[in-house]
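All chains, please: the whole structure from these sequences, using the hints.
Number of protein chains: 2
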Amino acid sequence: MMLFNKTPILFLFGVLAFSCNQQNRSAQTLETESQEPVLFAKGEKIANDNFTGTAYLHSMIEADSLNPNSVGNVTFEPGARSKWHLHPAGQILLATGGVGYYQEKDQPKIILRKGDVIKCAPNIPHWHGASAGSTFVQVAITGRQNGPTQWLEAVTDEEYHAK
Amino acid sequence: MMLFNKTPILFLFGVLAFSCNQQNRSAQTLETESQEPVLFAKGEKIANDNFTGTAYLHSMIEADSLNPNSVGNVTFEPGARSKWHLHPAGQILLATGGVGYYQEKDQPKIILRKGDVIKCAPNIPHWHGASAGSTFVQVAITGRQNGPTQWLEAVTDEEYHAK
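Read top to bottom, the protein sequences are chains B and V.
Residue numbering for the first sequence follows the numbering used here, starting at 1 and increasing by one per position.
Residue numbering for the second sequence follows the numbering used here, starting at 1001 and increasing by one per position.
Quick caveat, the hints were computed from the structure, so don't treat them as lab data.
Treat the hints with caution; some may be incorrect.
[Stated by the list, open to error] Derived DSSO-like pairs: lysine-lysine, alpha-carbon spacing no greater than 30 Å straight-line: (1) V:Lys1083 - B:Lys42; (2) B:Lys45 - V:Lys1119; (3) V:Lys1045 - B:Lys119; (4) B:Lys163 - B:Lys119; (5) B:Lys42 - V:Lys1109; (6) B:Lys109 - B:Lys163; (7) B:Lys42 - B:Lys109; (8) V:Lys1042 - B:Lys119; (9) V:Lys1045 - V:Lys1105; (10) V:Lys1042 - B:Lys42; (11) B:Lys119 - V:Lys1109; (12) V:Lys1105 - V:Lys1042; (13) B:Lys109 - V:Lys1163; (14) V:Lys1045 - V:Lys1109; (15) B:Lys45 - B:Lys119.
Spelled out as structure tokens, the structure:
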């Protein structure tokens, strides 16, 4: 009789425990996706030497004779950053995920998070990249009407880690 | 003795059931957030008559003498859409959430989902908006160097619902 009374309870207990475990894992997955949703494709690993560390570029819009803007999605792995550089027609950055840095010459380093927007004036040397502990994803809108990006020196570790 | 054996099991059963319920609700919340993450602010309800239905605009970048682009986040409620209009320097749209429509004059209506990108050439009449059953969120990058947007007639229900 005790066996009859307990068995269904233990069975239900086991089913419930399994079910809970499934839901818990589901919640964790969603939480991870919610923290870093993939909005635009990651694209290809950047192979040139204009970046320190690992970064990816997905080109979404190429400039042409009718619209001078190129639009690209850039993903920086933790610690990765561009070299110092400037854009002759300026640039707009839209931060879409992670935590990153942006710095203009002789200005303090700015922390960027999802939803932050930067407008960089033409010919201002600057760099951008991920923080040391997080990836960083941004959309870059770059005017090409005044010529190509000019690449300068690498961002030193001292510059990168400066407060 | 039976009471002693059963009570802890029933107590644990109750705790587990409550815990499961909490996790289930948490997963549902995350699922909703994951489907429609808020990337940029929704902004203010658009008060002019260039839109049918309810739409919101958050202006993120204003055009100036150094950079001719304005960048805004537009949120359309289900069924809401712009009038037909054209941009003298063209426009780039980045779909960031929901399901929407984009149509150029004499072209079929295109369905837009998160991650889709549109390049609209200068002076091409077009409209964009949400689908009937979903909100739609987009970033609009609009060149202002050739003059302001020219607004045309409203999108009829027949045009809106056309396959």
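Hints, verified against the model:
With a C-alpha separation of about 34 Å, the suggested pair Lys1083 of chain V and Lys42 of chain B falls outside the 30 Å cut-off, and the hint is violated. Between Lys45 of chain B and Lys1119 of chain V the CA atoms are separated by roughly 25 Å; this keeps the pair inside 30 Å, and the hint holds. Simply put, Lys1045 of chain V and Lys119 of chain B have alpha-carbon atoms about 25 Å apart, close enough for the 30 Å limit, and the pair holds. Restraint check: the Cα-Cα separation between Lys163 of chain B and Lys119 of chain B comes to about 22 Å, which is no more than 30 Å; the hinted pair holds.
At roughly 28 Å between alpha-carbon atoms, Lys42 of chain B and Lys1109 of chain V fall within 30 Å of each other, so this suggested pair holds. Between Lys109 of chain B and Lys163 of chain B the alpha-carbon distance is near 7 Å, which keeps this suggested pair within the 30 Å criterion. Between Lys42 of chain B and Lys109 of chain B, the direct Cα distance comes to roughly 25 Å. Compliance with the 30 Å bound is thereby established for this hinted pair. Using a Cα cut-off of 30 Å, the hinted pair Lys1042 of chain V and Lys119 of chain B holds, with the two alpha carbons roughly 20 Å apart.
Note on Lys1045 of chain V and Lys1105 of chain V: the hinted pairing holds, with a Cα-Cα distance of about 27 Å set against a maximum of 30 Å. For a cut-off of 30 Å, the pair hint linking Lys1042 of chain V to Lys42 of chain B stands: about 26 Å separates their Cα positions. Only pairs whose Cα atoms come within 30 Å are accepted, and Lys119 of chain B paired with Lys1109 of chain V is rejected, the gap being roughly 33 Å. Annotation: proposed proximity of Lys1105 of chain V to Lys1042 of chain V holds, straight-line Cα distance about 28 Å (limit 30 Å).
Annotation: proposed proximity of Lys109 of chain B to Lys1163 of chain V is violated, straight-line Cα distance about 50 Å (limit 30 Å). Proximity of Lys1045 of chain V to Lys1109 of chain V is assessed by CA-CA distance (about 25 Å); at most 30 Å being required, the pair is judged to hold. Taken as a hint, the Lys45 of chain B and Lys119 of chain B pair is honoured in the structure, with Cα atoms around 25 Å apart against an allowance of 30 Å.
Hint check: violations occur at hints 1, 11 and 13; the rest are consistent with the structure.
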